[in-house]
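Hey, can you work out the whole structure from these sequences and the hints?
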Amino acid sequence: MSSLLIITGIASGILYGLMALAFTFLFRTAGIPNLAIGAMGTFVALLALKIYAPIGLPYWAGVLIAMLLGMAMGAASELLVFRRLRGADPLVFLVATIGLNLLLFGVAQYLWAANEPYRFPGAYSPSGTVIVDGLSPQAVAIFIATAVVLGLLSALLYRSQMGREIRAVAEDPAAAHAIGLSVARAHLIVWMLAAAIIGLAAILFAPLLLLDTSVLSLVMYKAMGAAVLGGLGSLVGAVVGGLLLGLIENLVVPFAPSARDAAAFVVIVLVLLLRPQGLFGRTQIKKI
Amino acid sequence: MIARVRSFVVTPNRRGHLIAVAILALAVIFAPAFATSYLMLQIALVGVFAIGAFGLVVLTGHGGQFNLGFAGLMALGAYTAAILQQHGVSLTAALVAAVAIGFVAGALLGVFAYWLSEFAMAVVTFAFGIFVDQAVRAFDGLTGGFSGIVLPRLSLNLVYYTVWTCVAIAALLAWGMIAGWLGRWLRAVRDNAIAAEQLGLPVKRVKFQGYVVTAPFATLTGGLYAQALGYIAPSAFQVVLSLAFLVIIIVGGVTSLWGGLIGATLWVAVPELTVDVPGLYPILFGALTVIVLIVVPGGAMDIPAAIRRRMHRPRRAGAAEVDLSAVAQPAGPAAAVRERE
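Residue numbers (this note's numbering), protein chains in the order written: chain E, 16 to 303; chain Z, 3 to 343.
The set of hints was computed from the structure by calculation and includes no laboratory data.
Even for Gly, the Cβ is constructed at its ideal location relative to N, Cα and C.
Heads up, a few of these hints could be off.
[As the list claims (entries may be wrong)] Computed footprint of chain E on chain Z; a stretch qualifies when at least three of its residues, placed anywhere within it, have a C-beta under 8 Å from a C-beta of chain E:
1. 246-254
2. 278-290
3. 295-301
[What the hints assert, rightly or not] Negatives, chain Z to chain E, calculated, CB over 12 Å:
4. Val-101
5. Ala-124
6. Arg-155
[Said to hold, decoys possible] A few chain E positions that, by computed beta-carbon distances, are all more than 10 Å from chain Z:
7. Ser-18
8. Leu-79
9. Pro-132
10. Ala-160
11. Ser-169
12. Ala-170
13. Leu-172
14. Tyr-173
15. Arg-174
16. Gly-178
17. Leu-266
18. Phe-270
19. Leu-294
20. Phe-295
Shown next, in the form of C-alpha cells:
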C-alpha cells in the first residue's frame with residue numbers, strides 16, 4: 016500500500032467533504048437537498064476564470080471572485096426560485112434543484128464546452144511542484160481552507176446571534192416566525208453561504224481536476240453520499256464522510272481498479288444498514 | 003402536488019379520458035401510414051419513456067418514494083433482453099424476461115425500505131444505479147463492455163407496434179394500481195406515514211410493494227429502448243437518466259399518467275428541435291422544470307386548473323401564494339409560516 020494512494024485519497028476526500036459540507040448545511044438549515052451543486056460549482060469556477068485570468072489577477076483573487084459569484088448565485092436561486100416554493104414537499108425541492116442543475120449545465124455547455132477542459136493556473140505558479148509524492152501545495156492549501164471553512168461555519172452557527180436565528184428557523188419555521196425572526200432572511204443567508212462554499216470548493220479543485228463542464232457532477236453524487244455517510248445534518252460528519260469516501264475508493268484501486276465508484280457506494284449502503292442515521296447523525300424522534 | 007390527488011381515475015368525468023385514449027390509440031395505430039420512418043422511431047421512443055414514467059408516477063407521484071436507480075434498472079432490462087436475443091430467444095420472451103428481472107431487482111431495492119428513510123432510499127437506489135453501470139462495464143464478456151451489444155435487426159413496424167402495445171398494457175396496469183388498493187395505501191403512506199401506521203397499515207410493506215411493482219416498468223422501458231436503438235452500450239444508461247425521469251413526471255404532472263406521457267413526449271421532442279445549439283436542450287428543460295414548479299405546481303396536467311385559479315383569484319393575493327396553496331400540505335409548520343407572512 017503506497018502512501019501515494021492515501022494522500023490522493025485524502026485530497027479527493029476533502030473535495031467531497033467540502034462539497035458535502037455545502038450540501039449538509041443547506042439541507043439542514045433550509046431543508047433543501049441541493050442536487051445543483053455540481054453545475055453551480057462548474058459555472059462559478061469557469062466564470063471566475065473568465066474574469067480574473069484576462070485581467071491578470073492572481074489566483075487568490077480568483078478564489079475570492081468565485082466565492083462572491085457563488086454568493087450571488089445562491090441569492091439568485093433563493094430569491095427567484097426557492098422563495099416561491101417555500102413550504103412545498105421535499106420532492107419539489109429535489110426536482111427544482113435538478114432543474115437548476117440542468118439549466119446551469121446547459122448554459123455552461125453553451126458558453127464554454129467548445130474549449131474544454133480548462134487548465135487553471137494554480138495557487139503556486141510552478142504547478143508541478145510537490146512536497147511529497149502526490150501531495151502538491153494546492154492540496155495543502157485545500158486542506159487548510161476546508162478546516163477554516165468548517166471552523167468559521169461552526170462558529171457562525173453556534174456562537175453568533177445570526178447562527179442562533181438560522182438554527183431556530185431550521186428547527187421550527189413557524190415558531191421562529193412567531194417570535195419575530197425572519198424566515199426569508201435566514202434562508203437567504205443560508206443559500207448565500209452554501210453557494211459560496213460550493214464556489215470555493217470548485218475553484219480550489221479546478222487546478223487539480225482539469226475542469227470541464229461535467230466533471231463535477233460525479234463529484235456531486237459522491238458528496239451527497241458523503242453527506243449521508245456523515246449523518247445528514249452534522250457539519251463535521253460531512254467532512255469526515257467525504258474523507259472516508261475518498262480514502263476508501265482510492266484504497267480499493269490496487270485490488271479492483273474498476274470497482275472504484277461502486278466501492279464507495281457499497282460502503283455507504285453498508286453504513287446506512289448498520290446505522291441508518293449515519294456516522295455522526297442523531298436518531299430523531301418523529302413528531303405526530 | 004403530492005398532497006393533492008389529481009389522478010384521472012378520481013376525477014368524476016371519466017368520459018373525457020376515454021375519448022382522449024381513443025383518439026391517442028387511433029393516432030398511434032394510423033401514424034405509420036403518414037409518418038416518415040424517422041418520426042416513427044421518435045414516436046416509439048416516446049412510448050418507451052412513457053412506460054418508465056408510468057412506473058415512477060405510481061411510486062413517486064402516488065407513493066412519495068424515491069427511486070434514483072431508474073437508469074440502472076433500465077440497463078438491467080436492456081441487457082437482459084439483448085443478451086437473450088443474442089442467443090436466439092424471441093422478442094416476446096426477451097421482454098418477458100426483462101419484466102421478470104424487474105420484479106427481482108425491485109424486491110432487492112424494496113427490502114431496504116424496511117429500515118431506511120425516504121432520503122436514504124434515494125441514496126441507496128442511486129448507489130444501485132452506479133453499481134449496475136459498473137457491473138455492465140466489468141462483465142464485458144457478457145455485456146460487450148464499452149462496445150456494447152448489437153441486437154438482431156427488427157423491422158421498424160414491429161418495434162413501433164410492440165412498444166405501443168406495451169404502453170397500452172403498462173398504462174392499464176398502472177391505472178389499476180392507482181385506482182386500486184395499492185394506490186390508496188401508497189397515498190396514505192405518502193401523505194402521513196405515521197397516521198397510516200396508526201390506522202393499522204403495514205407502512206413498510208406498502209413501500210416494499212411499491213418498489214417491487216414499479217421496477218418492472220423501468221426494466222421494460224430498458225428492454226424496449228434496446229429494441230428501438232438496435233444497439234446498447236453503457237453510455238445509453240448514464241445516471242443522469244434517473245434524474246431525467248423525475249423531471250419527466252414533474253413536468254407532466256406527478257400523479258397523472260397523462261402527465262407521464264406528456265413529459266416523455268417533451269423529453270424526446272425537445273432535443274430533436276434543439277440539436278443545432280450546444281447546451282440549449284438542458285437549458286430549455288431545466289428552465290421548463292423550474293418554471294413549471296413555480297407557476298403550475300401540478301405540472302402540465304394542471305394547466306387548465308391553474309388558469310382557472312388565476313382568473314378567479316382575489317384581487318390582492320399574490321400569484322405565488324395562490325399556487326402554493328395547491329402544493330403544500332395543509333398542515334405543518336411551513337404552511338403556518340406562509341399563512342402568517
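Each hint tested on the structure:
no.: 1; hint: 246-254; result: holds (count 3)
no.: 2; hint: 278-290; result: holds (count 12)
no.: 3; hint: 295-301; result: holds (count 3)
no.: 4; hint: Val-101; result: holds (25 Å)
no.: 5; hint: Ala-124; result: violated (8 Å)
no.: 6; hint: Arg-155; result: holds (32 Å)
no.: 7; hint: Ser-18; result: holds (27 Å)
no.: 8; hint: Leu-79; result: holds (28 Å)
no.: 9; hint: Pro-132; result: holds (15 Å)
no.: 10; hint: Ala-160; result: holds (27 Å)
no.: 11; hint: Ser-169; result: holds (23 Å)
no.: 12; hint: Ala-170; result: holds (27 Å)
no.: 13; hint: Leu-172; result: holds (20 Å)
no.: 14; hint: Tyr-173; result: holds (22 Å)
no.: 15; hint: Arg-174; result: holds (26 Å)
no.: 16; hint: Gly-178; result: holds (20 Å)
no.: 17; hint: Leu-266; result: holds (17 Å)
no.: 18; hint: Phe-270; result: holds (13 Å)
no.: 19; hint: Leu-294; result: holds (13 Å)
no.: 20; hint: Phe-295; result: holds (15 Å)
In this structure, only the earlier hint numbered 5 is contradicted, and the remaining ones agree with it.
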